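In order, the protein sequence lines correspond to chains A and B.
In terms of the numbering used here, the first sequence opens at residue 1 and continues consecutively.
In terms of the numbering used here, the second sequence opens at residue 1 and continues consecutively.
What the hints contain is simulated information worked out from the structure, not anything from laboratory work.
Worth double-checking, as some hints may not be accurate.
What the hints assert, rightly or not - Quick list of simulated restraints, FRET-style, between CB atoms:
| hint | chain 1 | residue 1 | chain 2 | residue 2 | range |
| --- | --- | --- | --- | --- | --- |
| 1 | A | Arg21 | B | Val48 | 47 to 57 Å |
| 2 | B | Arg33 | A | Pro148 | 51 to 61 Å |
| 3 | A | Ser132 | B | Val48 | 22 to 32 Å |
| 4 | A | Ser132 | B | Glu86 | 24 to 34 Å |
| 5 | B | Asn71 | A | Arg170 | 57 to 67 Å |
What the hints assert, rightly or not - List time: in silico EDC-like cross-link candidates among lysine to aspartate or glutamate, alpha-carbon distance up to 16 Å:
| hint | chain 1 | residue 1 | chain 2 | residue 2 |
| --- | --- | --- | --- | --- |
| 6 | A | Lys115 | B | Glu120 |
| 7 | B | Lys210 | A | Glu207 |
| 8 | A | Lys85 | A | Asp120 |
| 9 | A | Lys141 | A | Asp96 |
| 10 | B | Lys124 | B | Glu134 |
| 11 | B | Lys128 | A | Asp177 |
| 12 | B | Lys132 | B | Glu182 |
| 13 | B | Lys128 | B | Glu86 |
| 14 | A | Lys198 | A | Asp187 |
| 15 | A | Lys198 | B | Glu134 |
| 16 | B | Lys210 | A | Asp138 |
| 17 | A | Lys210 | A | Asp135 |
| 18 | B | Lys132 | B | Glu120 |
| 19 | B | Lys132 | B | Asp94 |
| 20 | B | Lys124 | A | Glu99 |
| 21 | A | Lys85 | A | Asp66 |
| 22 | A | Lys141 | A | Asp58 |
| 23 | A | Lys85 | A | Asp135 |
Stated by the list, open to error - Some chain A residues flagged as far from chain B (calculated, every beta-carbon gap over 10 Å):
| hint | residue |
| --- | --- |
| 24 | Phe40 |
| 25 | Leu53 |
| 26 | Ile77 |
| 27 | Thr104 |
| 28 | Glu111 |
| 29 | Lys115 |
| 30 | Ala139 |
| 31 | Leu172 |
| 32 | Lys198 |
| 33 | Ser206 |
| 34 | Tyr208 |
| 35 | Ala212 |
| 36 | Asp214 |
As the structure is a prediction and not an experimental result, all values here were calculated from the model.
Backbone N, C-alpha and C fix where the C-beta goes; we use that ideal spot for every residue, glycine too.
The lines below spell out each chain.
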Amino acid sequence: MQSGAVPTGTRLSPRSLRWRRWIRRLVVVVVLYALHPLLFTMAGRWLNVGEPLNAPVDYAFILGGDVATRPFQAAAIYRAGYARKVLISNISPSADAAEGLIPTEQMLQREILRKRGVPDGDIISLARTVNSTRDEADALKQFLDEHPTATVAVVTSDFHTRRTRMIFRRRLPQFRDQIWFVATPTDGFGADSWWHFKDGVLWYGSEYIKLARDFLTAG
Amino acid sequence: MTDAPCNSDLDPQSPTVVSSQPTPSTNPGRRCRWWRRGITIAVVLLLVLWQRDFLCWALATPLIRSESGANATAILLIQGHYPFAEVATFLTQDDHHRVLIEASPQGRLERLGIFAPAEETGRKEMVKLGAKPEQIQVLDWTGGGSRSAAIQRWLMDHPDEQLLVLSEGFSSRELRWQMDRELPASIARRIAIRPSTRQLYDASNWWQTKRGTIAFLRGWLGLILPVIRCGQQKEWVECNPEQFQPGPG
């Protein structure tokens, strides 16, 4: 060896290099496939920041979206004495509801609460018409401006709690310490099985997209 | 620093040296490659934006399956989809035409009597639109099984009938696949699938509404998921009432 000559490595033909690259990619794909249940479960659980209620609150506020579960959770909170009253929002009706083929979500929520033992007098309907979680945060803000000392448990689906918390904390910073977020399980699937179902992929997938959107657009 | 040609790292004749030293990130060949990639991505994005309407239409078109169903003697109304006026027109064409209203297993809201069962709503609306009671039948699979199995039973009991299924547009291809997969060919041939005309969106404008976008995604998921799952479907289980916990836990 000549003095000053430093060996820099092994010579590889472009073909070997390409093969190496493909093998590396294949290994990554196989590992990701093997780990997908774990990764998807982690992704699902990350969305859930719901907290158990340790003390009674003044109001349980049901967010619109999953009428088959969220009002039941709110009714359970009410009946256990963890909330004095239940707030429901005025959700803009779907096309079918507008045609009178099905009841509006607000009507359904009220009916479920009644059937689950919440008297009519303890159900408060917020006046503002809402179409999104952001609108619901604004509706609650309007309510809390009139009831500045009230405490509220926001009831929503487990995968929706992280985005809800982000939006509510950004839009209602002054009431940050008065609001709790309660996670409701979803029918059919949860954080450990959502990717098996059409609705699961749609809901969890869109939740990540909306989370990114709301994060970038300041909720 | 000397300027390296942009394709210096792609020359197939020259042997490549894998260096044990870290390559400086300012390598001109690599920089060129990233420029090329950036420009390609920008051009593709511009093309996508320019031809957005066409691309969206092209993506939605494979989801739609429209068969004539000209010989159909009965129409099936899928639960959750309500093209009542279209069915009423079909029923008035011939007194022997009939409508099948689907009765699937009831959910929590139906069981509690909060939500009227779909067949009840369907029957009420059809009578309101002039259907005769004998033209209305219920395709009942509340006891279990699947929609396909219920259709098969009904078609076997009515060997002269041809069935037209009116579905939501972007689910029509999935429905066709489902029928072809789950039913014998002789039965599947007697079923025609057609998107109903009662829709707020179609392939040419679905991206403009939330409802259309959701239907589009559901349509593709319905085609892709069964393939990925290779037939292994987890069971849809309703929440247990005890899962609605109010307090610490």
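Hints and how they fare:
1. Remark: the range hint 47 to 57 Å for Arg21(A) to Val48(B) is contradicted by a beta-carbon distance near 28 Å.
2. Range check, Arg33(B) to Pro148(A): Cβ separation about 59 Å, and the 51 to 61 Å hint holds.
3. Taking the beta carbon of each, Ser132(A) and Val48(B) are about 27 Å apart, inside 22 to 32 Å as hinted.
4. Our hint of 24 to 34 Å for Ser132(A) and Glu86(B) holds, since their Cβ atoms are close to 32 Å apart.
5. A hinted range of 57 to 67 Å for the beta carbons of Asn71(B) and Arg170(A) is consistent with their spacing of about 59 Å.
6. Simply put, Lys115(A) and Glu120(B) have alpha-carbon atoms about 21 Å apart, too far for the 16 Å limit, and the pair is violated.
7. About 14 Å separates the Cα atoms of Lys210(B) and Glu207(A), which keeps this hinted pair within 16 Å; it holds.
8. The straight-line distance between the Cα atoms of Lys85(A) and Asp120(A) is roughly 10 Å, inside the 16 Å bound, and the hint therefore holds.
9. Our distance criterion of 16 Å between C-alpha atoms is broken by Lys141(A) and Asp96(A), whose separation comes to about 30 Å.
10. In summary, the hint linking Lys124(B) to Glu134(B) is supported, as the alpha carbons are separated by about 13 Å, within the 16 Å threshold.
11. Taking the CA atoms of Lys128(B) and Asp177(A), the gap is about 53 Å. The hint is violated against a cut of 16 Å.
12. For the proposed pair Lys132(B) and Glu182(B), the alpha carbon gap of about 32 Å is over 16 Å, so the pair is violated.
13. Annotation: proposed proximity of Lys128(B) to Glu86(B) holds, straight-line Cα distance about 13 Å (limit 16 Å).
14. With a C-alpha separation of about 13 Å, the suggested pairing of Lys198(A) with Asp187(A) holds against the 16 Å cut-off.
15. For the hint linking Lys198(A) to Glu134(B), the alpha-carbon distance of about 37 Å lies beyond 16 Å, and the restraint is violated.
16. A threshold of 16 Å between alpha carbons decides the hint, and for Lys210(B) with Asp138(A) the separation of about 21 Å lies outside it, so the pair is violated.
17. Taking the CA atoms of Lys210(A) and Asp135(A), the gap is about 14 Å. The hint holds against a cut of 16 Å.
18. The straight-line distance between the Cα atoms of Lys132(B) and Glu120(B) is roughly 15 Å, inside the 16 Å bound, and the hint therefore holds.
19. The hinted pair formed by Lys132(B) and Asp94(B) meets the criterion: a straight-line CA distance of about 11 Å does not exceed 16 Å.
20. A C-alpha spacing of about 14 Å is found between Lys124(B) and Glu99(A), which places the hinted pair at or below 16 Å, so the restraint holds.
21. The suggested pairing of Lys85(A) with Asp66(A) is violated, with an alpha-carbon distance near 20 Å, which exceeds 16 Å.
22. Pair hint Lys141(A) plus Asp58(A) holds up; C-alpha atoms about 15 Å apart against a cutoff of 16 Å.
23. Between Lys85(A) and Asp135(A) the CA atoms are separated by roughly 21 Å; this puts the pair beyond 16 Å, and the hint is violated.
24. The beta carbon of Phe40(A) sits about 12 Å from the closest Cβ of chain B, which is more than 10 Å, so the claim that it is off the interface holds.
25. Under the 10 Å C-beta cut-off, the non-interface status given to Leu53(A) relative to chain B is violated; the minimum distance is some 6 Å.
26. A beta-carbon of chain B comes within 10 Å of the beta-carbon of Ile77(A); the shortest separation is about 4 Å.
27. With a least beta-carbon separation of about 12 Å from chain B, Thr104(A) lies farther than 10 Å from that chain, consistent with its non-interface assignment.
28. Separation of Glu111(A) from chain B is inadequate, the least Cβ-Cβ distance of about 5 Å not exceeding the 10 Å criterion.
29. With a minimum CB-CB distance of about 6 Å to chain B, Lys115(A) fails to clear the 10 Å threshold, and the non-interface call is violated.
30. Every beta carbon of chain B lies more than 10 Å from that of Ala139(A), the smallest distance being close to 19 Å; the non-interface claim holds.
31. With 10 Å as the threshold on Cβ separation, the claim that Leu172(A) sits away from chain B holds: the shortest Cβ distance comes to roughly 23 Å.
32. With 10 Å as the threshold on Cβ separation, the claim that Lys198(A) sits away from chain B is violated: the shortest Cβ distance comes to roughly 5 Å.
33. With a least beta-carbon separation of about 8 Å from chain B, Ser206(A) fails to lie farther than 10 Å from that chain, contradicting its non-interface assignment.
34. Non-interface status of Tyr208(A) relative to chain B is upheld: no Cβ of that chain comes within 10 Å, the nearest being about 13 Å off.
35. Against the 10 Å criterion, Ala212(A) stays outside the reach of chain B, whose nearest CB is about 16 Å from its own CB.
36. Separation of Asp214(A) from chain B is adequate, the least Cβ-Cβ distance of about 15 Å exceeding the 10 Å criterion.
When each numbered hint is compared with the structure, violations occur for hints 1, 6, 9, 11, 12, 15, 16, 21, 23, 25, 26, 28, 29, 32 and 33.
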